[in-house]
Each structure stands twice: as C-alpha cells, then as structure tokens.
Amino acid sequence: MASQLLLIEQSFNSRYSVDVREALDEFSDSFTITDPSISGHPIVFASRGFLKMSGYSKDEVIGQNGRAFQGPRTNRRSVMEIREAIREERPIQINLLNYRKDGTPFWMLFHMSPIFCKKDGRVTHFVGVQVPISRKPRRSVNGIERNSVDLCEDGSRLRGDILFGSCRREVCSDTLVELGRVLAIESVLDSDSRGLDIEESCEASDVDKQRAATAFNKILSVLTLHSELTGRLVCEERCSLPEQSLLSSSLNISLGRIKQSFVLTDPHLADMPIVYASDAFLRLTGYARHEVLGFNCRFLSGVDTDSVTLNRIKESIRNEQACTVRILNYRKDKSSFWNFLHISPVRNASGKIAYFVGVQMEEGCKNQDGHGLSPEMRQLSAVGAVKVAVRSLSMGADPSKS
Amino acid sequence: MLRIKRVPTIVSNYQKEEGEEVARLGGGCGRNCLNKCCIQGAKLPLYSFKRQNKIVGDRCLAGPESREPPVDFLESLLLGEWEDRMQRGLFRYDVTACETKVIPGDYGFIAQLNEGRHLKKRPTEFRVDKVLQTFDGNKFNFTKVGQEEVLFQFEASVDGEVQFFPSAPVDVENSPSVVAINVSPIEYGHVLLIPRVLECLPQRIDRDSFCLALYMAVEAGNPYFRLGYNSLGAFATINHLHFQAYYLAVPFPIEKAPTKKIATFDGGVMISKLLNYPVRGLVFEGGNTVEELSNTVSDACICLQDNNIPYNVLIADCGRRIFLFPQCYAEKQALGEVNAELLDTQVNPAVWEISGHMVLKRKKDYEEASEENAWRLLAEVSLSEARFEEVNALIFETIACIDNGKGGATHSSEGEIKTEEVDAITSGSQRARVSGTQECIVLQ
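Chains as they are written, first to last, in the numbering used here: chain S, 1 to 402; chain W, 1001 to 1444.
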C-alpha cells in the first residue's frame, strides 16, 4: 500500500539528514534497520551487504518484516527470544538460521539493538546486524557443548577468507592468529556445511560477536551524527523516560498494535488524565499526542455536549461499570462529530482496576473493515485487546515499569 | 478400574451436576440449545478460513500490494464477541479480577489465584484408566450449551478464500464446528473449539479435528493465543470432543525449554524432545504444509489413544510448535501414589498447568508459589525416562509406518531411534496395534 511505503520513507527522512543512506551504504556489513512504530514492524533500510548476502533486491526487502527471511528450519524458540527482546526493547545476540532468495539456508549471528530518541525516550528504530557463521558446536561425550576450540594452534589455516567472503577481509592483521584458530573448523571440509544438510545448530565465535558489535557501533555513530543534524538526536540507551512514562514500554508497544481510536485514562491520578492515546484517536480528533497526554477527556466536550450524557459517564465510572453513550465531541479545529463512545474498566494483573478504556467511533464513518465485522464488534474487540495487554504485561517484573 | 474424585469445572451455564442431568426425549427443551429441538433456524456468525498450501510464515516475500499485514480478523471477532458476553454477564466471574503473577525464576511459571472457578460441591467420580470411552448422551455435552454461549462457527472455506458472515444459518447437514465460551475462564478469551458439534464425537483426536484446531491457531496469527487438548485420563472431564484456547500475552515456561531434535520426516516435520523441563514431552515443528504437521501430530495422538496412554497437547507459536505430553498423574492419584501435600493444592495438571500456567484455589498456595513447587508438582505428572522412551518408540513406529509410504524418515546423527526399529515395520503387528484408525492403513 502506498501509505505504508510513505511511512517507511518518512521513518528515515524525518529522523536523519538526507545523506544518511549514502553514509550507511559505505559499510559492507550486512544489517537492516526496522521501525517498530509502523504497523508490521517493517524494514526501512537494508544495507548492500544484506542484499548481497540474501540475494534480494532493495525493493523486495523494504517493507518486509524480518520473519520473511526465516524458513522451515529456523529455530522457533530463537524466534520467540527475538520477539520478546523486541517487546521488551532490549538488545539480543543470537544464532539464527535464515534463508536466501534462492531458498538456501544459512546461519548467522543476529545482533539486534534498539535505538532511542534522546528527547522522549521512545524507541525509534531497531538495528539488526547479521554476521554469517558456520561453526558447529563442539560436543563432548556427555552431550555438554563446549564453546572453546580445541584445534591446532596453527595460525596459517586461513581458509576462512574464502569461506566468509567480503566481511572477513576487513579483519585487521593482528588478529590473524586468532582468526586462524577460529577458522580451523572441520566443518569447512564437512559436506554438511555446504548446504546439503544444514546443521541443526551453529555457534558464533568471539570474533563473530566482536564483529557484530563493531558493526553496530559504526552504524550507531552514523545514525547519531545524522540525527544530530536534524535536531532529533538518537542514542543507544534510553536517556529519558518515554512520554508515556506512566505505562511500561512493552504495554505501549502492545497497545500500539490496536488499530481503533481509543484512550486509556488513569483513575488513580488527579483528575483522571489520559495516559495513552492511539494514533487513530489523534487522527480522529486532530490533536498531537503531547496535547492530550496528561489531560482529562473533558477537552473533547464543547458547548453542545449534553450534560446528562456526561453525568452518565461519570456515574458508570464511579460504579466501575462499562457503558456506551452517544456524545457530541469536538476536534481541535472546533468541528464537532457524534461519537459512539464505549467506556470500560480495565484491570491489571493485581485484579484491581488500573485504567478505564474509552473507544471512540465516529457516527457515519464508513466501515473500514472490508470483511464485515460490525462497528460495535470492532469497538468491543479493542476493549478485549486492551484488557489482554494490560493484564498480561503487568504480570511480571518489568524493569521499565515505573 | 481406576477412578479419582474431583469436582468438574463448569464450562457452560447449562451444565448441571451429575444426577441433575435428565435425558431429553426430543421436543422443545424450553430454551435455545444446539440440539434438534432448538437448532432449526438458528443463526450464528461464521468465519471460514482458507486452507493454505504453504506453511504460514514462509510466505514468499509479499508483493508490494500485500505488504500490509493481514487484518487480525479472527482475533477481533473472538475478542469482540467474548467481551460482549462478558458485558452480558454470561461468565461465572470476572477472570480479570483474579490476581495473577509470573513467578520469579528461570522459566517464569505463571500462577493465578482463582477462588471462584471451583465449586464447593460434591466431587464426582471419573474413570482414569480408559482414554477412549464411548459418548454418553445422558451426560453433559456441548449440544446442551445455550446458543448465546456460542460465539461463531468455524469452518474451512469452500472456495478457498477467507470469508465472514455475520449471521449465517447453522447448516446442520454440514456438520458445523463452533467456538463457545468457557463460563469458568482461566484467562481472558477462554473459549472451547468443538469440532462437528452435532455429531457428538467423544473426546478423542482424529486427523480432521486436529487440523481444524491447528488452523485456528494459524488464523488467529497471535503467538499468545494457544490451543490445548486434554485426553480422558489426563483431566478432560467432558467426553465430547473439544479443544480449549485463550489469550495470555507472556511466554509460557514450556516454550522456553530447550529441545533436542530426534528425527525429521519426509513431509518436513521435525520432532524434538524437551530437555530440562519437569514433564517429558515431544515437540513437533516444521512440515511443508499445515496438513503435514497436523497429520503427524494426530497420528502420534491416535497411537497414544489406541494404546490407552493419557496425554495432553499444546498448540503454540501460531500453530508452528506443538507439544505432546503423555502423562500418568491421574493413574498415580487413583493408586494413592501422589504426595498428600500436592493433592491438597487440588491442582489437576492438565495441558495449561503442564505448560506452566497454574490456577490455584487457595491463597496460601498462591502466596507460596515458587518455581521449585511448580517443578515438583509437574515432575509427578511426567512419565519416567524409561516409560517415556517406550512410549516414544511406540509413537515413532506408528509415524514412521505411515511416513514410510512416502519414503522414510531421516534421523539426526545423535538420534536415539535405532534404524532397525524403524525398518522393522511390516504390515503385521504394527498395523494391528493401531488398527483402530483407518488413517494408518491409507498410505500415500
């Protein structure tokens, strides 16, 4: 869809100065940059190293989610670990099997880390570096895998240059001895690693890991420099609490997937302010996020808003009950619309009410959903999705929860 | 005959206690159930899914026009309808008002304090030594649920496209499958998938119904929406074929357990065994198509059923990882071999508990919940190593027998299945053992 591609373009253009792509293209490493705020968490940038390694063209890759490069033998547990790392906005380094365009599988060390907006603490992008690996884990008699390499110390076995292609050429000369040790892998000669029967697991060496970290730092420097120029600086670690600092980051991410217009309000804070507003809500009402967060919903009411309806809402909230009302609301530009508003209490893992969710539906708005789910049903589904997210994500020890 | 006593969970508002069930002799029952008396003219939403040829997630890179991720339609339908029933007061309690937590530890077992789920009523006797039992129309079954408890019909679409009909007549001739609420939910969105409800199938897995369950996981497209199955003898209390499902947006301990691959089959299905987890089990993944994966797992389940081994199944990761646990807890309980302390918790280790989600009745148990306690309880459920290996051998003989029609299994180098065992499949004894199912005999 055209709008999706537009968002992808903007993801980079609004954050980094215009020659960032050129700067990134100077690196031969394989890496991708994704934007978690765009629906589907798509790739917004792919390095030429990545395109070369995977065999795809740029147009085939931009807009895809990382899972497009996984295949039947990709370890599902590893996929789950990556998913959880994304959800919790933390870095991860993991061995993963990916597939090229021609269908051949290959192992790589996947090093992924979030990049934060310095000002508001939100994750702007995830940077993922891929370092190809082909080292079988050593297995001892009792099945315990050892990470150490007990190979001959002969530093002259440098088959690796040919094996690993262009990435390896950049390894500086004083690590050649170390490289020789690492590259003396029996699997080089073993037909298994030639793709006939891809081994079931693969370990990255310390050199691989260092390679990945170095690449990431280079990319981060470029991104930092180019975001400085636009005044929208990024950094490696969260420097400030996110705007929606009253909600944990993982909850924010989950709520971000719900497409309907809705807000979360917090009854425990003075004047029951909005603590979350979906993008659809902002589009519907014309406000920017910072104009609504921290404020009570009453700004949506205006001269002709019926006070009886307002009282009904207050009553329901007081009684901790759900209600549906038809209320006249006003946008930022002062235009009014009839809002089928559904409000419901939302409990967290403690079992107590943590928020109220308000799902808005503009009367007369065309049914966006081609499949035929009624507007009322879609409204309720938003409530359900919010309830699942709030309950589930407050269950554990979430370090970013305030 | 081995029996245990327990208070059955109420899953429908029309479920009565033993002894209160009265056989209906046709004629109106006075309300809108799913039986002949009320089903005529009934209408329910219908979601029909597309059977996929390729396994989901391995879609070739989507062309530019389909880059938008698919609308999470089934999820919206299920959540919306469920929330609607909540607001209509159909559930016995608000599950979101039940305190829950992830227990600190490596695996993150999940504990919930749910005092309202279990009735303070007379426990009923359940036979635990027979996995296959014939359907008994006199007992509670899902034709007795109220139509308001049914959320939608769920079918494979005839013309191969995803379709939704907000109000479709229930076509009795077509043997509809339905999704109904569980009025004693253990989490938000807890539903029951009842394949071919009007056929009154007993609780036993067959290829078609397992495939339906797997497709539901695939269609929902949410790794936090999982399906589960309990065989008789492994804590299913209603002998009418059904799967359960609900949403819980945290990883399950079982999903975190390491695995070791033991075989790969020609259809691309990979089988591993669980490592470092209190309950021994198998994990099925891969498969060139959804059907391949589904059939391999169903065949394994059918093998267990036919050999009277109780088991549980968890469908996770959008239908891409399926866990199978043979178990023996109920048998131990009946023989008085379970530690009294564990029995006191009244936790019946069914699929959710084994996967790491424990619903506790007593505050004391909830407050003292620890990874150690959970581990100890689940260790009682597991088959011993020796017995597990026996059961595995049984399963592999069956699956390989079916797979051999296509060309044979391959084993990874550290595979524990001896080639001799697999090659020893003849049409003789093995067929006889699983003769209860035609599926084994029809080889492709």
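Hints were generated in silico from the structure; no laboratory data involved.
Keep in mind that a hint or two might mislead.
Said to hold, decoys possible - Capping the alpha-carbon separation at 25 angstroms, the derived lysine-lysine pairs in DSS-like fashion look like this:
(1) W:K1130 - W:K1016
(2) W:K1016 - S:K352
(3) W:K1364 - S:K352
(4) W:K1139 - W:K1016
(5) W:K1361 - S:K352
Note that this is a predicted model, so its numbers are computed, not measured.
Status of the hints after comparison with the structure:
1. W:K1130 - W:K1016: Distance of about 24 angstroms is within 25 angstroms: holds.
2. W:K1016 - S:K352: violated (31 angstroms)
3. W:K1364 - S:K352: This hinted pair holds, its Cα atoms lying about 20 angstroms apart.
4. W:K1139 - W:K1016: Roughly 9 angstroms between the alpha carbons, so the hint for W:K1139 and W:K1016 holds.
5. W:K1361 - S:K352: Satisfied, since the Cα-Cα distance of roughly 18 angstroms is no more than 25 angstroms.
Against the hints set out earlier in the document, a violation occurs for number 2 only.
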